[in-house]
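**Q** Each protein sequence line maps, in turn, to chains A and B.
Residue numbering for the first sequence follows the numbering used here, beginning at 1 and increasing consecutively.
Residue numbering for the second sequence follows the numbering used here, beginning at 1 and increasing consecutively.
Fair warning: there could be bad hints in the mix.
Pairs of lysine-lysine residues, derived as DSS-like cross-links and limited to a Cα-Cα distance of at most 25 Å, are as follows [unchecked claim]:
hint, chain 1, residue 1, chain 2, residue 2
1, A, Lys40, A, Lys69
2, B, Lys864, B, Lys852
3, B, Lys998, A, Lys115
4, B, Lys998, A, Lys114
5, B, Lys194, B, Lys129
6, A, Lys40, A, Lys115
7, B, Lys430, B, Lys378
8, A, Lys114, B, Lys1001
9, A, Lys115, B, Lys1001
10, B, Lys1054, B, Lys1171
11, B, Lys230, B, Lys194
12, B, Lys1141, B, Lys1121
It should be emphasised that the hints constitute simulated quantities derived from the structure, not laboratory data.
Keep in mind it's a predicted model, so treat the numbers as computed, not measured.
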Amino acid sequence: MTNILIAEDDNDIRELIILTLRFHGFTVDSAEDGLAAVEKAQNNPHYDVILMDVRMPRMTGYQACRALKENEQTKNIPVIFLSAKGQEQEIQTGIEAGASDYILKPFAPDDLVKKIQRVLNK
Amino acid sequence: MEKELTSAITWNVFDDLSDGILLVDPAGHVVYRNQAASSLLGLSHQVDLLHEVNQVLASDDNWSELKKWPSASLLHTSNGRIIEAQSRWQDGPDGRFLQIILRPTHAEPLTIEPLLALTQINQETDFEKQLQALADGLHATGWQRVVITLRDDAFHPTHLITTGISPAEKTELEKNLIPPQAWLALFQNADMQKYRQGQCYFVPAESHWSQTYLQASGQQNADSTLWQAKDVLCVPLYGRQQKLIGLVGLDNPSNGRRPDKRTLQTIELYAQFAASLIENSRLVQETVDRSQEFELLLTASNDLSSSLEKETVLSALGRHMLNAIDADGYTIYEWQTAAEKLVVLKDYTRRHSLSRQTPGTAVPVTNLDLLETVLIDKQPLTFAISKSRTPPLAEPTWLQPGQPYTCALLPLILDDETYAVILLVKYGQKEITHRDLRLLAALANQASTALETALLFEDTYERERFYGAMGNVSLALSYTLDRHAVLSLICTESLRIFNIHGAYIWQLDNDTFTSSAAKGHGEELFVNQFIPLADPTTFVAHVVRTGLGVFLNNAQQSQMEIRLPQPEKIQALLGVPLEAEGNLIGVLLLADTENPHRFTDRDVTQVTTFGVQVASALQNAKLFEELHQLNEELDMRVAARTHELNEESNRVKVLLRINTELSASLDQDRVLTKALDLVNEVASATDGAILLLNQETNEFDFRATLNKEKQLTHRSIPSGLKRDEGLAGWMLQNRTAVIVYDTKQDPRWLELPTSSTYRSVLGVPLITNEEVMGVLLLFHTDPNAFTTQQLELVEAAAIQVANAINNASLYNLIFDQADQLGTILRGEIIQKANLQAILESIADGVIVANNKNEIEIANASASKILAIPRQQLIGKPINQLLGVYGQFGDTWMSTINDWAKNSDQIPQGIYLADQLAIEEKYVSIHLSPVLSESNFFGTVSIFRDITKDVEVDRLKSEFVSTVSHELRTPMTSIKGYADLMLMGAAGQLTDSQIRYLKVIKSNADRLHDLVNDLLNISRIETGKTTLDLRPLDIPQIIEQTVGHLHGRIQHEEKPMVIKTEITPGLPLVNADHTRVTQILTNLVDNAFNYTPANGQITIHARATEAHVYISISDNGIGISKENREKIFDRFFRADDEAVQKVSGTGLGLAIVRSLIEMHGGYLQVESELGKGSTFTFNLPVVIEDSDPT
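Please model the complete structure; the sequences and the hints are all you need to start from.
**A** Structure, rendered in structure tokens:
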């Protein structure tokens, strides 16, 4: 089973992603902000992929990603940003923080699944 | 003189004696002593040292002894010798003197008497008499028969002198004289030598020799001391150097005894003396002869040198030679070495009756070998000519054939060359001796000198004469330039200078020689004669061919055609070509009718010199003649021209008046009337009119008339003549002036009731600017009233009239135009003021710089925007602004500088748009060059303060960014949950639910697209979009795009034909992969969207050197013309059902175009409504850097 951690502050969207991924057969865990996501990942470093929003309270997605990549236990977990911020500079910042991909909101379910699988296959 | 000479010779004879001889005067002075005496007495023999006799004889005793005459005694000389002396007193011409004969004592005494008698012989001056005296002297010594023979150098007998012999016997002797060779042999005969005693030969009759040669009968007398009949006693006479000169024969001694030794000695002494005497006499004779020769030569020399003429010298030479050897005639031949020819110079015979040879006659040489002695060895020669011997050259005519003669041939040498040969002839067999030849040679030598002088003189004289004559001719020729006079003078002078009989000039004119002048022989016949230059047979042609002077002697013998009057009389001919400036102009011929040998090379030289002058004179005369003709022609032309000029002057005066009058006014009517008046001053017409064509009626109107009675009251009166009618119509059509001499005869004349009285018409069209505006007509009631001169003048006047009419019209036109221009100008001034006001009032800053980058205009806004006072801008170089704005102004300045530098390469329509950040402000600059027909006049820079715009843009961009983010978040939920539901995550849905969810999803997608496009636009406009330029393979991107299309075809179930046309080997482009994909996808999506199902989309790619061009064509709905530009506007969507049916934001093409332009390319569209569209864009090709650095 593939374990996916989702970091998203918007409840509706967090639930949407959970539903969509579960519908496609993934095991999904979630966090409400960046810091929570980092903590979860450190506690349970068996996530296969982490989906992360950018603009979140307490700790932004970028900061969380960097923190994950700095931690020996979590640094190998691929991070995919899922953000409404689609400007180039924003995407660039995400990739620099160590993300494996950057998906723009709103997303198509198929597209989301394809990208996760592509990251997993790497 | 001869007597003194003889005396001197006698003394010389004494010197030869072996006996000493002293002659002492009564005072005891020695007056003479011979060599032998000096020798015996032991004194040096110096004749001038004559001593006292006692000194000579060493003692007074001797002298006193000798004074007793006659005595004989022995003397003791000072040198101790004893000598025998005999003395006796003698009477001499100067008184009494003692003659002492000295002899060594051992010598036998001799009979001195005969010897002393010999001294008497010396008194004789005649040689023959001397000889006779010698013979007589011997006779006196006791010989009854004495014969003396003398021989010359060749032992030929010359003299035979006898004593005691009868004339008959003498004649017999003469006949039987021993021949020369035998004579010499006689004394060399060995037999004969036996009988020699001293110098004498005594051959007794009983000797073998006598018996052999004289048929002596041997001993006849018992006493051998007695003289026998056939005894021979002879003594050879030896001259100088023991040369045999003769023989003395003695016979019948008076004592009847054969000679004893003493007798022989005496005879010997006598013979010696005789020989000396003979030799001396001969010497005297020779001296006399020499003297005579000398005199002859002296006379000849005087004669020869007294003349400077060759002829006289030759005559004198001949005469003297003739006299010198007593010859009978002579001929002097000139030796012409080159021709090996002897030519008679002078011929003479004493016999006047015989014919002489003409000078100049050539004489054949019959024996050149013989002649060569004379010619080459230059030796004189003499020989006798008899029947058996042929002369070396043809004999003179005056010699009778077969007559024997002796002749001498001598060379006459001038300058070491044989100049002439002289032949002297003596009739009979008279010998010419070597002496004669020597004399003749001497004469010839003298003559040579004289002849050289004479020839030199003759030559000098001839030259002087010739050049003198030439000088005269030259002078004479320079006096006249009349050609005939010159020709005549040349001929006359030729006769005079060259002393010939005829002179002729052939002048060459157009390849033909024409007889031009002649003097002398046949001059009256030398007219109208012609010889073609090409005729080769004539002497003239010969001269021309030779190109030099040439003569023809013996003309009658020549085959050449003479072509002169009475050619049969011409003996010699000389011709020279006449040349002027290197061209042959004629030939001068000189003829001699008497002497066939008339001409020589020297004549040729002289005539050639003369010819040069002649040619020059002829040429001068010819030039003068031409000049004269030219002058006359010129005079005539000047006269004609003067006449023309006078007429022209009058005409010009009239024209000037017309011109002045016409230009005085611009009032057309006044001008025309005045012009007509003035023209008529020349034409004197009865009436006249100016008709102008009325363009409206196409008829002629009267505009002016001459007739005061018909003075026009109105400006113009219709004539009723249509434009193609009558004479006026004809002139209008033919644009030609015309005179109608008689109107009754001319069909062009259309008679009107008003013009019936006119019989002559002069008409001129009035033309300006190539257009006939009317005609000027002058009428006369008489026929033939007008002349062409009047016509010409009126024509000229017509031009002025036409111009005046034209000027008047132009004046009106210009006046109107000036008025109009004034209005326009006022308008423009106002407009300019308005423009200025506008320029000053607009918010945009404007700076205009000229092509030197100096600011000419800067408006208030410019000053304000740039924050520079206007006075610091105007007139300043625009690039000084650079300092103010630093790097922000770089592009602006560099562009301005670039344009100013390369003003001829500025493309039309170029501009620069840039932004400047000035302190806190943003200023946009729009810079464009001012070009007119590629001339660069400067630049216009327009500034706009865009600080606020920039701020607004920034806020707008932030707003868009924020808004789009805030929109995306809810959209994610809307779209996401719709998708989730459609996936069936919420359980089975009804059809209606599915349809509704799809509507939600579709609208959410549209909103998503809108947000994306807005963001794109925003980013591009705020400059936030950057390109990641890399080499791209266009075909690969096209392939992806085609894949995308096929996806849509399948997904949307809308069949479409997709075609690609890609040029193979397309180069890589320098572009951003994402953007290019975005561009291409957008364009093919549009094509797909706006093309109905089963349509066709073609993607085409090709390359130029710099760009790859990509076109996307469809055969869809197309774009109307009015929408073709609008489609690139933001949010524009055509008001078309087919368009509205497709969802879209209206931002796609705006983004695509911006992205393409960011790549440095452009996007074009071609479309036709209902037929389809083609969008084409280009991208730059990767420039491969060939430089590895």
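**Q** Against this structure, judge whether each hint is valid.
**A** These are the hints, each one checked on the structure:
| no. | hint | verdict |
| --- | --- | --- |
| 1 | Lys40/A to Lys69/A | 14 Å, holds |
| 2 | Lys864/B to Lys852/B | 24 Å, holds |
| 3 | Lys998/B to Lys115/A | 24 Å, holds |
| 4 | Lys998/B to Lys114/A | 22 Å, holds |
| 5 | Lys194/B to Lys129/B | 34 Å, violated |
| 6 | Lys40/A to Lys115/A | 23 Å, holds |
| 7 | Lys430/B to Lys378/B | 24 Å, holds |
| 8 | Lys114/A to Lys1001/B | 20 Å, holds |
| 9 | Lys115/A to Lys1001/B | 21 Å, holds |
| 10 | Lys1054/B to Lys1171/B | 19 Å, holds |
| 11 | Lys230/B to Lys194/B | 17 Å, holds |
| 12 | Lys1141/B to Lys1121/B | 21 Å, holds |
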